[in-house]
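Can you build the whole structure from these sequences, using the hints too?
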Amino acid sequence: MFIAGRSGIAEPPVNDLWTIAGEENNLNRWKEEDTAFFSTIDATSYFFKLQQEDFTQAILTGKEPTSSGEEGRETVKLIEGMYRSQREGKPIRY
166 MFIAGRSGIA EPPVNDLWTI AGEENNLNRW KEEDTAFFST IDATSYFFKL
216 QQEDFTQAIL TGKEPTSSGE EGRETVKLIE GMYRSQREGK PIRY
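Under my numbering, the residues of the sequence shown are numbered 166 to 259, in order.
Bear in mind the hints are in silico, worked out from the structure with no lab data behind them.
A hint or two may mislead.
As the list claims (entries may be wrong) - Here are the simulated lysine-lysine pairs, DSSO-like style, with alpha carbons at most 30 angstroms apart:
{"hint": "1", "residue 1": "Lys214", "residue 2": "Lys196"}
{"hint": "2", "residue 1": "Lys242", "residue 2": "Lys255"}
{"hint": "3", "residue 1": "Lys242", "residue 2": "Lys214"}
{"hint": "4", "residue 1": "Lys242", "residue 2": "Lys228"}
{"hint": "5", "residue 1": "Lys214", "residue 2": "Lys228"}
Right, dumping it as C-alpha cells:
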C-alpha cells in the first residue's frame, strides 16, 4: 500500500521486499525510472488526481472504481491505528 499525503513525498515508494521470478534484476532499473518520473510530478496531489479521475469515470460509465470504499476505509483505519499506537504507546491490533 502506498499512502500519498499532504506533507510531501521526498522519493518514490520502492517494493524491494519481494520479486517475481525472473524479475530480480530489474529492481535498480525500476528505481531509476520511478525516481526520474517522480521528479516530474507533484506527488502530494498527483495520486489524488488519479483517484478522482478514476472515481469520476466509474460514475460516468457505471463500472467499479479501481479502489473501493471498503479499501479506502481500511487505509483510514491503518492511519488511525498509527496515531492511536503512538498516543497509547503500544501496538494496535484489529
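Hints the structure fails to honour: The structure conflicts with no hint, since it agrees with every one listed earlier.
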